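Asks: Those protein sequence lines, which keep their order, are chains A and B.
Residue 144 in my numbering sits at position 23 of the first sequence, and the numbers go up by one each step.
Residue 844 in my numbering sits at position 190 of the second sequence, and the numbers go up by one each step.
Hints were generated in silico from the structure; no laboratory data involved.
One should not assume that every hint holds.
[What the hints assert, rightly or not] Simulated restraints on C-beta separations:
| no. | chain 1 | residue 1 | chain 2 | residue 2 | range |
| --- | --- | --- | --- | --- | --- |
| 1 | B | I806 | A | E200 | 25 to 31 Å |
| 2 | B | K871 | A | S372 | 47 to 53 Å |
| 3 | B | V664 | A | L305 | 57 to 63 Å |
| 4 | A | Q259 | B | L734 | 50 to 56 Å |
[Claimed, not checked] EDC-like mimics (lysine to aspartate or glutamate), calculated; alpha carbons at most 16 Å apart, straight line:
| no. | chain 1 | residue 1 | chain 2 | residue 2 |
| --- | --- | --- | --- | --- |
| 5 | A | K225 | B | E712 |
| 6 | B | K830 | B | E873 |
| 7 | A | K218 | B | E873 |
| 8 | A | K333 | A | E200 |
| 9 | A | K218 | A | E242 |
| 10 | A | K225 | A | E237 |
| 11 | A | K218 | A | E200 |
| 12 | A | K333 | A | E312 |
| 13 | B | K865 | A | E200 |
[Stated by the list, open to error] Reference listing, derived: stretches of chain A covered by chain B, where coverage requires no fewer than 3 residues with Cβ under 8 Å from a Cβ of chain B:
| no. | region |
| --- | --- |
| 14 | 222-232 |
| 15 | 317-329 |
The structure presented is a predicted model; accordingly, all values stated were derived computationally and were not measured.
Beta carbons: idealized from backbone N, C-alpha and C, even for Gly.
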Amino acid sequence: MTTNKIEIKDLTVNYIENKRSFNALHDVSFGVGRGEFVSVVGASGCGKSTLLSVLEGLYAPAGGSVQIDGKELHGTGTERGVVFQHYSLFPWMTTKKNIEFGIKQSRRGIKRGEREKIADEFLRKVGLAEFGGKYPSQLSGGMQQRAAIARALAMNTEILLMDEPFSAIDPKNRIILQELLLKLWEGDGTEERKTVVFVTHDIDEAILLSDKIVVLTAHPGTVNEVVNVPFERPRNRADLVKTDEYGKFRSRILSLLNNDVAERIGGDEVVL
Amino acid sequence: MTTKKRYLRVTHLLFIVLLLIQLIPDKSTNPTFTGALIAFAAGLELIAFIASTFIKKEQGLALLLDIVGFIYVLLGVWSLATAKFNVLNPLLFPAPGEVIHQFAEDKQQILINIGSSLGTTLAGFLIAVAVAVPLGLFIGWSARIGSAATYITKFFSSIPPIVYIPYGIALLPTFKSVSVFVIFLATFWPVFAGTMSGVLGVDKRIIDSAKVLNVSKPEMLFSVILPASLQQIFLGCNQGLSVSFILLTSAEMIGARDGMGYYVKYYSDFGDYTRTITGLLVIGIVVIAVTFLFNKLQSHLLRWKR
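Here chain A stands alone, though its shape is the one from the complex:
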């Protein structure tokens, strides 16, 4: 237990909206191992994005603790890279400049020429080699997220926090991006994998990518169950979705999510 990279314990977060305080997260506890890919799923409003804001250091919890490498988390930090759903990139910088800016922030002391080389390398890795000189507004939503991933990876942080990065992308491109992320994260086995916390409402996305899925229930957000994903790596979507195990596992996660919805709407008469 003590070897976890991220340790979340009894985390409680209150949100203030229109002068009323909401209990967004209540006694949330789970751990993320070093090099582990953990997805947090839940219906909208369950506090999954709030949870990530706390990990990003943008929002202070009301109670409980978050530890990284055994040290209490305070504010933002250079050991964490973030990909948001929108505006991960600055619209006034070209794609390449955005990546260089990220490298400059997380890896102080790297010379300009070296930064440019790293930026080019990661642009190539996400398939944007030709688009370094373009502004974000000139790229499609999917390409913007590729660039955001390239920046997060180029920053070479130990932890990667991703807040519904593919939710605003059309289904076809979403699948392409998921596979790209899977390939980049799994790597060729020579490098240590990054620790990832990935927030999504897409169950298939969570199963394909994760080692472990944290299912949250809403009002207030609590952990319903933490489920280990039993599928071998490296994974391949086409092979994976064909298996019976996949279907069964998917139903299980779905029922964990829907339990909660059924309870809230009013009992077992509701058919989903």
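Once you've looked at the hints, dock chain B against the given chain A.
Replies: Frame of chain A; chain B shown alone:
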């Protein structure tokens, strides 16, 4: 663009009409300098042809040719109303040829006056921008003061800057410094207000994005907040710039020894309306040129916007 589309334009027809008008014998007894007018129009026509050959974008070329065409129409109507049929009072309204001739005569003097006016405007404007932008960024970013500052700014920017002139004259040694001071005030408040509203309006997601990158405070202000509020800053600058020109020419008409406002005022006092009209037109052209260059700068710096 086809060659036909490139060179066969209404503008060139208007040029020919303008030349035909010049064949009508003068009714005015004053010298009308028709030659100067024809030389000027021919110069414009030459520019139009060179532009037709070199400008690639159809829209840009159409705009330029429309403007040139408009000038031809203006010159045509103007010469009909003055030199050709003497409809307007010849003392108050010189023929177009006279004005063009006068401009050529006074070229040196006019250029010096333009330089003086522009120097004063730019000095006041640039000092104001250099002070207002960093201050607006800083105060806007400290959001609590920001809300009070909005009202204070509203109060000061609602005072017409021309009322500061008496204080300027009482406090400052030279007319130049008074002009710079008044233009500074006229520009400072709109730019300051624009910067602050820009900062307060920056998308929270952009700020979060910068925070998780651990940017330092100066980087946050100048690498993130500044570009994110640039459009609003430019709104303030545009407002400041147009007020500056109005103020400066009015101020120069009151007490200056040089500048375009002085040129117009000085010669109208002697009833020299040829020079008065020349001055008016030159002021218009200079203001348009400066605004054009400023807009170019703006669209270059905001090229990342769609």
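Asks: Compare the structure with each hint and give your call.
Replies: Results of checking the hints against the structure:
For B:I806 paired with A:E200, a C-beta distance near 42 Å fails the hint of 25 to 31 Å. Evaluation of the 47 to 53 Å hint for B:K871 and A:S372 yields a pass: the beta carbon distance comes to about 51 Å. Roughly 59 Å separates the CB atoms of B:V664 and A:L305, a value that falls within the hinted 57 to 63 Å. Taken as a hint, the range 50 to 56 Å holds for the pair A:Q259 and B:L734, whose Cβ atoms sit roughly 51 Å apart.
Annotation: proposed proximity of A:K225 to B:E712 is violated, straight-line Cα distance about 43 Å (limit 16 Å). A distance of roughly 37 Å separates the Cα atoms of B:K830 and B:E873; the hinted pair therefore is violated under the 16 Å criterion. At most 16 Å may separate the alpha-carbon atoms for a hinted pair to count; A:K218 and B:E873 meet this at roughly 15 Å. A C-alpha spacing of about 22 Å is found between A:K333 and A:E200, which places the hinted pair above 16 Å, so the restraint is violated.
Distance check on the hinted pair: A:K218 and A:E242 sit about 13 Å apart at the alpha-carbon level, within 16 Å; holds. Straight-line distance between C-alpha atoms of A:K225 and A:E237 comes to about 10 Å, which keeps the hinted pair within the 16 Å bound. Annotation: proposed proximity of A:K218 to A:E200 is violated, straight-line Cα distance about 21 Å (limit 16 Å). A threshold of 16 Å between alpha carbons decides the hint, and for A:K333 with A:E312 the separation of about 21 Å lies outside it, so the pair is violated.
Of the pairs offered as hints, the one joining B:K865 and A:E200 holds, with about 13 Å between alpha carbons and a cut-off of 16 Å not exceeded. Given as covered by chain B, the region 222-232 of chain A passes the check, having 4 residues with a CB less than 8 Å from a CB of that chain where 3 are the minimum. Counting residues of the region 317-329 of chain A whose CB falls under 8 Å from any CB of chain B gives 0; the rule of at least 3 is not met.
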